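Chain A is fixed; fit chain B onto it per the hints.
Residue-level listing of the chains:
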Amino acid sequence: MWKFLLPFAAFVGLVVLFAFGLNPKRDIHALPSPLIGKPAPLFTLTDVLDPQRTVSNGALKGQVYVLNVWGTWCVSCREEQASLMAISRQHVVPIIGLDYMDQRDKAKQWLEQLGNPYQAVAFDNDGRTAINWGVYGAPETFLVDGHGRVIYKFISPVTTEVWEHEFLPRIDAARRDAARRDGA
Amino acid sequence: MKRGARGALPLALSASASASALALALAFGFALALAFVGALACVGSAQALAATGATTANGAASAGGAVDARAAVDINGQLKDPALQSRFEHITKQLRCVVCQNESIADSNVELAGDLRRQVREMLVAGKSNDAIFGFMTDRYGEFVRFSPPLEPKTLLIWGAPFFMLLLGGFIIYRVVRQRSRMPLDDEPTPGP
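If you read the protein sequences in the order shown, they are chains A and B. Using the working numbering, read the first sequence as starting at 698 and increasing by one per residue. Using the working numbering, read the second sequence as starting at 67 and increasing by one per residue.
Hints are supplied without guarantee of correctness; some may be wrong.
FRET-style restraints, in silico, Cβ to Cβ [claimed, not checked]:
1. B/Asn142 x A/Asn720: 41 to 51 Å
2. B/Pro219 x A/Asp874: 27 to 37 Å
3. B/Asn168 x A/Asp802: 50 to 60 Å
Pairs of lysine to any residue residues, derived as SDA-like cross-links and limited to a Cα-Cα distance of at most 20 Å, are as follows [unchecked claim]:
4. A/Lys700 x B/Phe210
5. A/Lys850 x B/Phe210
6. A/Lys805 x A/Gln749
7. A/Lys735 x B/Asp205
The set of hints was computed from the structure by calculation and includes no laboratory data. Computed from a predicted structure; not experimentally measured. The C-beta atom is built at its ideal place from N, Cα and C for all residues, glycine as well.
Bound-form chain A, shown alone (with noise of 0.2 Å):
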């Protein structure tokens, strides 16, 4: 009996690590970020297109927002801006830029030439805010509630289908909470 069970067992056992470490829809470099459900990281930082402005976030407090991690370095950033834009038309939320690990005239230059869809861009010139919200490359997306706490995070370019399927439900979410706890 055990002479059958135990390498069945183990065939079981292989083919469920298998159908988890092989699986192509898994991204083995995206890490779970520890900040979820976690207050967002406060920042104020000069604003890229001019020196002289701040960008905080604790402004936004009570909002549901958009940190977009992005930079002029960064090759999928440029795909993935033409979405913001078409995003940013919809005007559900402000979405706030964090310009990490760049150059100010070229990020200039940049939302120039591509469009800006940031209600305002902070330039992370030294990449201590980008460590404190636990930001290893370039897009990262942050989803912050009304709270103030870090709702959701999303790795790689967004699109206006990860928009529809992974941001506007739990924008929506977000609001509803809001909406009962006033009510409460």
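The following block gives chain B in isolation, referenced to the frame of chain A:
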């Protein structure tokens, strides 16, 4: 017909004997390899514990970056205090570069690894403990950034697996040896009817 069947018997026996010898060798090699890994892991964790040094409350360090660490660094980019430099080397070897994922931030040339080394250096100069620095990193990047996970209830499986495998290997050896000792020897003719 009868004779033929008897003649085939020693052959079948010797095949099963060599199969079990192979299993024995495999199990022994496996157990040996696992014992080696287990011993290495023990040494590693003991070192990590010893190097943790002074420990403050926990890893929930607030912004650790306010201190300017440049003054504490010599022209070669090493910390002037040799104790801090050795802790710096220990910590950066223990932290995974999340961009390249198989390199430590001590080895990686990626820009983010440089930023994280700066962060570690600044926190060391600011007097943070090793635990606080590891806590700072895992709060932001997850447990994945640590090459050797801390011994906790949820990591018990990882730390315990080598010892479990050793026991399992020993059990397999015991079973195979006992089974073999009960077998008739190949060259002894089996008593006929």
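Now the hints, each set against the structure:
Restraint check, B/Asn142 to A/Asn720: a C-beta distance of roughly 46 Å satisfies the suggested window 41 to 51 Å. A C-beta distance of roughly 32 Å is found between B/Pro219 and A/Asp874, which places it inside the suggested range of 27 to 37 Å. Between B/Asn168 and A/Asp802 the C-beta distance comes to about 35 Å, which lies outside the given range of 50 to 60 Å. A threshold of 20 Å between alpha carbons decides the hint, and for A/Lys700 with B/Phe210 the separation of about 39 Å lies outside it, so the pair is violated.
At most 20 Å may separate the alpha-carbon atoms for a hinted pair to count; A/Lys850 and B/Phe210 meet this at roughly 17 Å. Straight-line distance between C-alpha atoms of A/Lys805 and A/Gln749 comes to about 15 Å, which keeps the hinted pair within the 20 Å bound. Between A/Lys735 and B/Asp205, the direct Cα distance comes to roughly 10 Å. Compliance with the 20 Å bound is thereby established for this hinted pair.
Of the numbered hints listed earlier, those contradicted by the structure are 3 and 4.
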